[in-house]
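A.B. asks: So the protein lines, in turn, are chains A and B. For the first sequence, numbering that gives the first Met the number 0 begins at 0 and goes up steadily by one. For the second sequence, numbering that gives the first Met the number 0 begins at 0 and goes up steadily by one.
There are no misleading hints in this set.
Partial list, derived from the structure: chain A residues whose beta carbon lies under 10 angstroms from chain B:
1) Ile136
2) Val150
3) Gly154
4) Ile321
Hints in this document: simulated from the structure, not taken from any laboratory. Just so it is clear, CB atoms sit at the ideal spot from N, CA and C, and this is done for glycine as well.
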Amino acid sequence: MSAAPEHAPTMAQTTLAERLGPYMPVLLVPLLALAGFLAIMNPASWLTLTVSGLAMGMMIFIMASGLTLVFGLMDVINFGHGAFVSVGAFVGITVLMTLGHMTQAPSLMLNLGAVLLAVLGAMLATGAMGWAFEKVIVAPVYGHHLKQILVTMGGLIVVEQLIIVLWGPEEIYFNRPEALKGAITFAGAAIEKYRLVAVAVGLAVFAAMRWVLRRTKIGLIVRAGVENGEMVQALGYRLKLVFVGVFIAGSALAGLGGVMWALYQEVITAHMGNHAMILIFIVVIIGGLGSVEGCFIGALLVGLMQNYIAFIEPKAALISNIALMVTILMWRPMGMIPVVKAK
Amino acid sequence: MIRSLLSGDMPRSLPLALILGGILICLALAPFLFPGVRTVDTAARICIFIVLVASYDLLLGYGGIVSFAHTMFFGIGAYGVALTSVHMGRGFDAIAIGALAGAGLAAALALLIGLFSLRVRAIFFAMITLAVASAVAVLVSQLSGLTGGEDGLTFKTPRQLGPAFKFGKEMFDGSLFGVKLNGKLLAYYFVFIGATLLFLALLRVVNSPFGRVLQAIRENDFRAESIGYRVVYYRVAATCLSAAIAALAGSLYAVWLRYVGPDTVLSMELMIDILLMVVIGGMGTLYGAMIGATLFVLAQNYLQNLMGAASHLVEGLPLLPELLSADRWLLWLGVLFILSVYFFPTGVVGRLRENR
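Excised from the complex, chain B in its bound form (with noise of 0.2 angstroms):
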């Protein structure tokens, strides 16, 4: 049963298997093994970056293309949920017509951009994708009677999804291992639930003669063409795909935080993050994006309170309190990202899989 969820896609190393078994429980458990706030807010973010980052893996591990464009996707669905659900009032049925608008609208876009530059070659995409999205975080930004402008968009979630919903009074009495049954741990859920259905969908994509096509075309394009396989589709479908998968990730975010805003969901910051889960957890292997993600997401919340406080432990010495303030995060996550692409190009699972 495992095996035909998992599509075949077997983790095929003990640690690796160990370790993606140990995030799904935690992950699938958090609300209950980790009670409180901010750690179950940082569960859901693994989960929706786990699926971000693997719809990203699909192009760029998977079809070998890059773009910069992923955090549009990103937002476009975020914005999707929101516009629909501060319009229609809150809702289900918003919700779910935000997110398919959304993924509609991102796949459009991307048939769109990828028939204009992946035609004439891999390369034009890198710098087409970051042109467009960067016009559109502009656009996002100065678009405020719509998109609410810098400040963003705060809405309303359905009742059952917010604190105020309680449920389970007469069967466990309000709170089963003295965690309260409310709509936060039903918010958590349903982002975990639809986390996973993406992921486990990523995964039968990415083992089907499609993905086994795209593979063939990042190794060798010439070829793959010389087959017989019209590469230019199949790039552009990998495309469209992706885009909508990542839309579907930014609705689940945008449900999750009930608030969207350009820093929040197109961010260049965000873009950077993706890249650099992608990298570090092993292109081309999804895998690899449930590790990256996860690790990236716990660095990011617990490791840059560590450099602040190695920032004062060296104050006074000149430059290094500079170099490890906990706002030069991202200079070392460039030089991170540096080092493992040149060192450490198949990541921690490539790794893991190799000392099998």
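Only chain A is shown next, with the shape it has when bound in the complex (with noise of 0.2 angstroms):
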């Protein structure tokens, strides 16, 4: 009989950054807000740009999250998402501008029912419309990508021109109801009320979707679905139904983004939501297309690369948003979280 072999186990010890590598993108967003301070070297201007920052990535991570959950569920590229974006924004705006006497009161009461108001409006005229398109537009072209983007950008023009028609061409120019004008200081910068208010918004939308899709039945049911969704379907769910239930959530969700975008801009255009789905693009793909985690971080990572460099160097801006995604899809091709599809 011959003698056990040698066995020697080695206990090694994990590195650093082994075990900080699958935290890697969450840690991304401290790193970059601690480049931007050793490149800004001023911590009264870079809050301030920090704080908007924050405030510009939860607007884009609200009008993304949509996008990239219905791509995930079914496969669906909407190029016609910004469509929703603008629609919000009119509808929400127009609502606040009936409103005059209640946005221009100096009560907060007031002031946030009308707010309250204009974006109920604008998230059911998106989510109706969200119904209406995913009927029209996307149904018929289900399981081809080509003809989707086509028909999908067909429906963006489409709906980009009847804005035209029914609110004009020219912007429209607004104020901010009264409340969520001004800024408070707080340790020497300036603070805009509202990006405070955008941030907790978007926290609040963030942590609501993360609770739903990780508590609830139906968001077991959705989380299946991007995963596997012939198995779901076996197993006797209507996949179709719980995907234009997520079709119209996202859609609300971007008429949400749009309000809170124009309130942001205080101008609204036909085009905004074009201009919007550039920078939705890149977050989603930085993402990882279908994780709404990833769309979390990659839209604070755009939200805050985009107020540094618009401060260091104001015409690299857009540039450095394409830079920030090549880079990270040197490092990870497929986005920060990947969604692993069970094919």
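Reassemble the complex: the two chains are provided individually, in unrelated frames, and hints are given to aid placement.
C.D. replies: Right, dumping it as structure tokens:
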């Protein structure tokens, strides 16, 4: 009988890099903020920029989350997503402007009520529009990427032109409600109130989304559908119905994002959705198509990056986002948090 | 001879052959058949757009890849010629260098974008090209020192291509069939011949083994990969080729207009026009590009007036005049676009070939 082979287990300690690896995407946000701090070297402006970067990121996240979920669930890429942003903004701002007496009043409750009504109106409108868009434009071209891209692009053009027909071709300027105007000073940095509100709303949406996806039955079905749709259908769930629901929810969120974006810019144009679309695509690609968490992190990165660079070298702002996307794709070709499909 | 010129890709349908022949003859003799500044300008635009749309069809129809950066490549070619003409002075050498540099830069950029996006999934390509193209458009309007910003660049082409240049005084008394023999005529034929050569080159490409592999990848990339073709390489090569030819078409456009600006060569509207031309004419066949571009440019030049007239007719009715006004041209294009993708995916050429 031969002797048992030598067995010398090695208990190599995992290096710090290995242990940090999985959390790297999450860590990127504070790292970027730190890099921004080192580049700017002025705590007050850094704080202002960071808050506005976070606010912008939150708004982009709200707009982009629907797109990424829709893709993950049904492999549908919606180039017309920007249309919901525009429509949301126009409907919301129209409601706000008709409620002028409420927004101009110095009462916080009245102001908030008006904004809430505007947001509700916008979300209802875009939700309904999302339902129609899904039925008319997307449904006939399932499983055909090329046609999806073409048709949804066509849908975007039509909606954009219809906005011009209904609201006219000019840009519409307006004022934020009284309660959202002005800034507060904190540690020597002026921070616009509205940006804080945007950050809070963004966090709330993200938390709610995570809660729905992780803790509820419907979220379970959605997540399972993303991973393996056929299996979920085989278990007796009507995934198509779930998908329509997600599409509507995503459209409504895009509408919410549109209102927030409009309040941030204080001007709306028919092309604003188209412009937002570019940032949304960058965010969705960075995050990994189909992943809500990736989308969130990507949006924050893009928002911070854009604000820091715009402060340091204004002309490079848009290019910086492309550079960010390229860097991340070199590091992780499928995006930061790739969605694993069991196929 | 015709067969080898067309690389064996015959129209395969009598009406189609007649239409194509008609378009060719009209374009070849445009200055003589339809004398007039505006009609010749339309004809030149048709020539250039045929090449541009055909090069896009190489990507979309043959490769099955959607790109939104095609106007960017077109613009790179146009700005190439404009910049060299401004800085080197008028001359054919400036045009040649500008066109080649533009084509080279476009191909290099396409290579970069393609390597980044196509190796993962083809759908990334559409999104990334959209982002990059809009960034470049913003950049071009911001770098006003180099590119003239929103105003664009006006420049001089060689004297032989300008209206002041007269020739054939002794032989034809300065005019032929009532058409003045001047540099504008030469410029038209410069564009026409350039466009014809590029189109024939594209025909050669799509009917070569390379084109066949592209079609195979479009139909089933997984199977093409298993047969042993490196899908990524073929897709990237198609992207580069199509970008270079789009840039050359842009150079022709710049030579014809003697002006470049972000609105004329880089705008998103132009990209949508190209998409529409491809879809109307028929994806996956270069003759579709020919028909699509011709129909579209004609419609754009003449139908818009009609829409204006229609909107005057319904004046007083609610909303209708707004919907029909010539500025809402894009709205109807969008509707037409969606309908043709659904009901008419093979376009005019596909229909004609079916009814053979």
